[in-house]
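S.K.: The residues making up each chain are set out below.
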Amino acid sequence: MSDQTAMAQRGLMPITVQNITLTLNERILIDDLSCNIESDGMSVIMGPNGAGKSLFMRCLHGLAKPDMGQILYAGTPLDPLIRQQQSLVFQTPTILRRTVLANLLFVAHQRGIDDPKISMDYLAQLQLDHLAQHPARLLSGGEKQRLALARALIINPAILFLDEATSNLDPASIETIETNLQSVSKQGMKIILVTHDIGQAKRLADDVLFLHHGKLAEHSPAKSFFQKPKSAAAKAYLAGKLVL
Amino acid sequence: MPIYSESFAAAFGLLASSDRDLMEILALSINVSLASLVLSCVIGLPIGAFLAMRHFPMRDFLVGVFNAMMGLPPVVVGLLVYLHLSRSGPFGWLGLLYTPQAMVIAQMILITPIIIALSCQVLEDLHEDYKDFFDSLVVPKRTALLAYIIDARYSLMTVILAGFGRAISEVGAVIIVGGNIDHLTRVMTTAIALETSKGELALALALGFILLAISLAVNFLVQWLKASARRRAYV
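These protein sequence lines are chains Z and A, in that order. Numbering-wise (my numbering), the first sequence opens with residue 1 and increments by one. Numbering-wise (my numbering), the second sequence opens with residue 1001 and increments by one.
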């Protein structure tokens, strides 16, 4: 996985976001946001509720289309070919009405991976192999999220997006997911995740994008962000104060 | 009420003796209903899927029309089909009036809106659930449609059985376009209407019991499908 992923990632990085704006019902949700995501490893998007984090991620992945501005992957505007090299794990995963293995096989088949053994390997990696023939919709919340991560990883994406994928999970499930994220990140997969969990951000982030009112308030390396945030909003957020 | 016991006995007697006339009526009823059901599914399921997956200006209006058409009065449909198939009508040259084919056409018109409206609802719910995931995966529309059909198979079978239930119990349209001709277009429902008008209530009720049994069997099948889908977490 590592060589292919690293090569694919080199083909998609850096991500250049140029002045994107998104308005819905006359409300500006993303406001003239620009940034350049160049780093390897994990970029964490943080911010208070309603800051536009999930929407920004959807824009990056092409699920939402900005009214203005553009997003470039290695200088190329986002297109279906680029999107096929990405995976997104939603906060509430969509589970197909099939068995756990069939959920994985469906996704794998979309990218021409038809060997069930590979799917079983991914299930084993996420500690779900014993549930392979189980109806997926009967899994617990943590198991569903691990299945969603297995589905995201099996296509060996160059960029993996996670939208609050570990919220509401128990510590054991969070640890399993984080361990897998760290592992694939080390192998060269670019990871961009939205989280409210400051502890998780500290554990995983290489750089942090802090959003406030649809604007990028700050984009800093993780160490400096947590030690000395530049923006007043980020300072207040990290101090646990109400950010208005 | 001795009439009920007489009717039960008559119904069992007819079935036990494999009464030739009864079997002929039963076979024609099932054949006409199945043929109209197949045609309705061929027409209705793709339209239902299209309406579920696509959003276009007249879409909501069309869904509303098909929903309203689920309650089409059978006699009105029968009359319209009669007018079109009668000798002076635009399709009179086909010579279909008073044939099982005419009955299939009338039933098809009655149950196609049911198939469209209910399958649209089923597939729309699934589409709402899956669309972001499929969009994220860049799944082609055809693959997505196939996935919807596979994953909604239990619900779609329920829709199809609902269509069959409507077809097999329909009388108003088929009596107008079929004419209730013995050994040609006589089905269960039209035979019941005829026997009742002749005062042969026991026989009419006996036929009614058989029809009711078919209807109950279809409904039990629907319940069983729903329960097994729930058991396997497919709903």
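Watch out, some of these pointers could steer you wrong.
Stated by the list, open to error - Taking CB as the label site, the calculated pair distances span: (1) Gly50(Z) x Arg1054(A): 51 to 61 angstroms; (2) Gly1064(A) x Ser167(Z): 35 to 45 angstroms; (3) Gln84(Z) x Pro1057(A): 25 to 35 angstroms; (4) Gly69(Z) x Pro1057(A): 44 to 54 angstroms; (5) Asn25(Z) x Ile1150(A): 46 to 56 angstroms; (6) Gln91(Z) x Pro1090(A): 50 to 60 angstroms; (7) Arg1054(A) x Gln187(Z): 33 to 43 angstroms; (8) Gly69(Z) x Arg1054(A): 27 to 37 angstroms; (9) Gln187(Z) x Asn1219(A): 54 to 64 angstroms.
In short, the hints are calculated from the structure, not lab data. The C-beta atom is built at its ideal place from N, Cα and C for all residues, glycine as well.
S.K.: When the hints from earlier in the document are held up against this structure, which numbers fail?
M.R.: Hints 1, 4, 5 not satisfied by this model.
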